[in-house]
Structures are given as structure tokens and as C-alpha cells.
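**Student:** Quick note, the sequences are listed as chains X and Y, same order. With this note's numbering as the guide, the letters of the first sequence map in order to residues 1 to 608. With this note's numbering as the guide, the letters of the second sequence map in order to residues 1001 to 1185.
The set of hints was computed from the structure by calculation and includes no laboratory data. Don't take every hint at face value.
Listed below are the simulated DSS-like cross-link pairs for lysine-lysine, each with C-alpha atoms no more than 30 Å apart in a straight line [unchecked claim]:
id, chain 1, residue 1, chain 2, residue 2
1, X, Lys96, Y, Lys1077
2, X, Lys281, X, Lys231
3, X, Lys96, Y, Lys1122
4, Y, Lys1105, X, Lys97
The chain contents come next:
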Amino acid sequence: MALNFKLLTYQVLCLIIFVSIFFSHYETIEQSIWITVVTFAAAATLFDVRPIVLPSSDNLSLVTPLLFTAGLLHGVYSIFLICSLMVLALLVIDPKKWVSHAFNGIQFSISGFVGMYFYNLLYDATTSFIVNLPAFIAFSISFYLTNVFLLTSYLSLRNKKPMQLFLKIFFDRKAILIFFTMMALGLIMAVVVQNEGMLGIVVFCTIMWTLGVSYRSYYQMFDHFRALSEKDELTKLFNHRYFQGQLDHTLENTKRSALLLLDIDHFKNYNDTFGHPQGDKLLQELAQLFHENIPSTGVACRYGGEEFAIILPNATTNEAMAIAESIRQKVSNHPFYGIEHMPHKRITISIGVSTSPDMATKREQLIMLADQALYKTKYSSRNKVQLYSSVIDELKGNYDFSSKDEDEVIQSLRTFLMIINSKDRYTYGHTERIMEYAELLAHKVGLSPSEVKNVRYGALLHDIGKVEVASEVLNKSSALNEEEWETIKMHVIWGEQMVERIKELQQCLPMIRHHHERFDGKGYPDQLAGYDIPLAARILTIADCFDAMTTNRPYQNAKTVNQALEEIIRCSGTQFDPDLVQPFIEVIANIKPEVKLHEFSNEKQIIG
Amino acid sequence: MFVDSIVIGILASLIMGGKFKGLVSISLKHPWLIVVSFLIQFSSIYFLPSQLLLAVIISNIGLLIFCYANIDVAGFKYMLIGIFLNLIVMIVNGGRMPVDVESAKIMSPEDVPALLAGEYGKHVAISENTHLNFLGDIFFLQYPYPRPIIISLGDIVFSLGVILFLYFVMVKDKNNSKEVVRLGT
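Next comes chain X alone, as it looks inside the complex (with noise of 0.2 Å):
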């Protein structure tokens, strides 16, 4: 570790002048004031380690008050006596914190000697403690006021931060409030010892002492409730409630953060195979190893079941993904229990992560977009840390919206996209699959890079009219009647109506309020026929037949890629254009392994 010359120089100095205020005070010690130096030197100590603290987690400390006790009946020199026995038996205690308790000592005294000063300049020698309160008041401020300027100096030196961050802290309402009510405790103190001697202090000591027990009993039980509120009992990670509250808080007060959303891949299996006790032991491992994993600022948290968060404050795009890379990294090497019954022989788990500010600012945004991330990875290859990515930003990228105007009605199309997104899991991902089969089967039929890239952002769009209809007639399982089943036509209409504002994707409108005509003239909304519906809808009405057929659906089961290409192949020239069918198999058979493409190409031959 580099030396910090300045924090060096800046504790030199202060001991420089302990030292030289220590000798030009020196002064023969008598041994009645030496007793009660020692008296109160120990009381300090023990005050010092234990503080009183406050169900506010504040601690009062008790020394301020006994050094001005003792600079009030025996003079500045007790002062400086009994910070350095008390520093004394600090090192003694806990030798480790020298430093700390090193210039800790030597502020005290130096704030003693600036507060005395002013004390005598006001003292009233013909009145008693008590009276003299404008000496007691400008002793009080003087103190603090030096006390402070010492400790920020100190603490901006040693942490290398801005002094204004420290003083916004010590000049806090309540840590002042705090502060002269231990002064005015230390004004009692000293008619008390003035009166009774060397009982006082142990009298009043015992007093603050057993006060002290008692509050710090009311903090652990205040502590071990607000524990049991904001942390989950199995994992001993905060829960939920804590993570939505932290959350907020980190995105108030901090510029940049990341959030991580993890999920256990097949835990149910795991549940089922092992049984949930064991199941439990999982999620305790796991949690465990995900606190060791992340940095000190980072909050990790049980979001759910299976589901965990962490919340990393500060952390850069590059920084949370690569936490998040590492932490997968070391669940899928860690040997958990019984790991041999599971897929590839290891508990392995997915990650989702998004950034604030870059990809969104509130709290449910920042959770929905990294639940979509997850969503991505669990519906693909698990095992995987993902970083959500927005085709908005990438349609943003690809063309060219001049006004101001066009840039709102993106934002309100990027809400729309989230509505539908989060209205109807079973199509995650729908959107994303489609515009890379319709991509696909544009480039494979020959159409231009321009008509290749309206293809790909009119099938992007192409649902957002969806965001109008309610998601009970969505999800519905059973059979629509004529008015649910008109409204559900409607959609093309009114997607087409939403994107007609944006001059830059005219080319698409077409594709959106056509992707439902049938080649046969029966679709909707116009009844188009053959090659009058346009040849972008076409694309986009087999793509999206087919993402629609592979897919589970609240009612129906998916179908296997070879069934859902049979079914197609059923299809065309009825529902589909018989031209692109072949184009589409091709299409698939390239990014589907599965697919054999001899075994479609004998039927192609029966239907030609």
C-alpha cells in the first residue's frame, strides 16, 4: 500500500502540537489529581470501548463530558493526562487500531485545550458550574467545533474524499442534539464530583453504565426484529421487501448501478429427485456462495422461490457482467449435493442483468428488463449470464428519426413492446425469434439489404397493436365469441394506426396490417388475396405462423419443429404463399439442426 504523505503529514502536525501544548502546560502532579486522572482515564476507556448506543444506531460516548469535568475542577494538563492513559489502555486493548486510537487521543486533548480556552475567558469564578453558562456554551461549541474540523481533516485525508461528505455527517441535527446533552451531562457530573469526590465518578459511571446495558439490550432486540424483517430466513439474505426498498434507495443515490437477476435451472427437478429439505440446503449453499461472490457494496437478496437478486451500486455494464459471469462460473464448478442425477452433472443457473441509468431508471422498469433478460436464456440455452438488449435501441441505431416528435412516439413503442411482453409470458421471446425468421426468409428470397431491414423492424411492430386488446381475451384458453374475436382482428388496424406516425417507418405499415391476410383471400382485415397482400406481410405471416406453432401456449402444446414444417407445407398455398414455403424450410433447416432436409423436400415434389 502507497503511503498517504499528506494524512501522514497532517498527523505529524497534530502530534507536534499535542506534544508542545503537553510540555508548556507541564506541571508537577499531585497525587490526589493523579488518583482521580486515573479515575477518570479508566472510566474513558471503558466508555470508549463501549459506547452507549441508541436504538438510531448513534453511539454516545461519554469521554467529551468526563475531559470537561476534568479540565473543570483540575485545569487543561488532567485533560491531556487522561487522554494519554486512555490511549494507553486502548493500545493495550486492541493494539491493532493504533493509529485510530492514537490520534483520537490527540484531538480530544487538542479540542480540550481550544474549549477550556474559551471557558476561562468567560469563567465566572464568583458563581458555581452551573451558572456559568455562557462559559459552559462557548466550551461546548469551541470543542465541537474543533473536534470536527480535526476529524474531517482527518478522515477526508485518509479516505481521500471531498470534507464536505464528513461534515454533511457531523453536522447532522441529531448528532449536535446528541452532542450537548452529553455536555450538559458533563456539567452535572462536575457538581457532582466537585461535592462528593471520587464517589461521584464511580456513582454517576455506574449510573451511565447500567443505562448503557439497558439501551443496548433495547438495540439488539430492535436489531434482531428489524433482522427478522428484512432477511429471509432459510438463505439469511434479505427478501423481498428489503431488495424493492434497497433498490429504490440505490437508484436514488447513487449515479450508475446494475441489477442481477438469478434463477436456479431445473430446480424443480432437483426438488422432486432429492426432495424439498434437501432443496433447501441447495438454496442455502447457493446463497452463500453468491455473498462471497459479490462485492462488499453489492446487496444480495432471495427474490423469490428459486429466484434471487443482487443489487450492485457503482457497477458499470462490463463490471456487473463480468460479477455475474463469475459467480455462474462457480456454481456450475461447485460440487453441490447430488449433482450427478442432474442435466449435464452440475447445478448450473441463469443470470439476467440490466443497468440504470442506461436502460432505465425506475425500479420496475430496471426488474422487468432483467427478468426479460433472464426470461431469454431460460428459454434458450441456461447456464448463461445475459445482458438485456433492447431491438428498440437497435431500431433506433438503424434508422434515422430526425424530429422530436418521432423520438417520443419510439419511447411509447418501447413501453408498448414491455406491456405486451409482460402481459403474455408464453410469447417471450416471440418477437425476437420472428424478426430473425422473417430476416432470414427476406434475405433468402433476394430482397434488398433496405427491404431485408423494414422486414425485420415491420416484424418487431407487427404485434404492438396487441397492446389495445385486454389480456384475459389474449390468454383466453377456451373459444372466443364474435365480439372477443373481433376485437383481436382489430389489432393489425390499430398497430398500424400507432407506427403511422413515425415518417421513418412508413415501408412497415403494410407488413403490420396485413401479417393476418391468407393467400387464399380469407384473412382479415381486408380480404387480400394472392399477390396482392404484400410480399413483407407474406414473410411475416409464415414466420410468425410457425414461431406461433413451436411454441407452448396456455392451449396448446408446442409442436416439434417437423410437425409445425408439415403443417406448413399443409398450409400453403391456402394459408401461405406457396413460394416461400420451400425458401422457409431452407431457412430453418439452416439454424435448426433437427430438421433433415431430403424428408420435406419428397413432399414439395407431391405437392408440386
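Mind docking chain Y on chain X? Use the hints.
**Tutor:** Just chain Y now, with coordinates in the frame of chain X:
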């Protein structure tokens, strides 16, 4: 004073929920050092007063070694410091501990003449001829403390060590398993 601190330590530990069982299972390294040290010191006081300085040094060094051997046990750090403080002040005063005369007068007036004459065991009256008086027997404990006693700073630190040690063997040891792992802060 040694007896006092043991009594206080045991009483305090009992109040804090300690058990006598802990006292039985005490195991310290080289306990014979204590016995030898005390034998040397007492025999010197009663049979060989002329060699008092040497005897005090040897016996206290024996105790220091004993404390150092057990330094990892709770409280022994303080006992070591306490003995060291007492040893220093006794060495500079020819093996005797300076005692505050005013306090001695109150406590046992009949022994004061012997004390002033320098013949009272291992004690000597505080005067201009004694050194490091602030480490001598100057802390006069009297009512409400149950029995009047004059002690030194070294005695106080030493007693603290004894009390902490007793507290540790009687109370702390059995609570060790209660630690709860806390995650995420």
C-alpha cells in the same frame, strides 16, 4: 488485593450467569512458576530481608514469565502489565512498595511507626526519597468498599486481568457456540 479480585471476579461472573464448573476445567501452562515465585518472596521477607530486592525481582520475573506463557488466555495481558508496573516501582525503591502515609494512618494506625521506620514487610512510606510514587500504593479504597485497602495502579490493572480471566472461564466459554452467521450487510 489478589483475594479481593478473585472474590469480585467470581461474584460478578455468577451474576452474569457463570458456572463454577468452568473453574474446574482451568488449564494453564507452567503453574509451578506461581508457587516458586511466592515461596521466594515470602521466604525473603521473613528470613532474608537483606536480599529483598533480588527476591522481589526474581519472583516477579517468574510471574511475568508465567503470564507471558499464558498470554493468549483472556486477562493475562492485563496481569502481565500490572505485575510489570508494580515491579518497576519496587525495583526503583529497593524492593519495597511506596505507601501513602495518610491512608495508612486511617487504615492501621498501629503499623505506621514500623512503616515509617522502613521495617514493615515489603512496604515503605512515600517520601521525597521514594521514586515513581504515582505507581505506588496510593489508591485508598474505603467504605463503601467492604474492607479498607490501599492499592497501586499496577494492582488495579492486575486485578482487572484476574476478573476478566475468571469471567472468561466461568461465563464466556460456554457461550461460544451461540455465534450466528450473519450475511449481507
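**Student:** Any hints from earlier that this structure breaks? Give me their numbers in increasing order, please.
**Tutor:** As far as the earlier hints go, 3 and 4 are violated by this structure, in ascending order.
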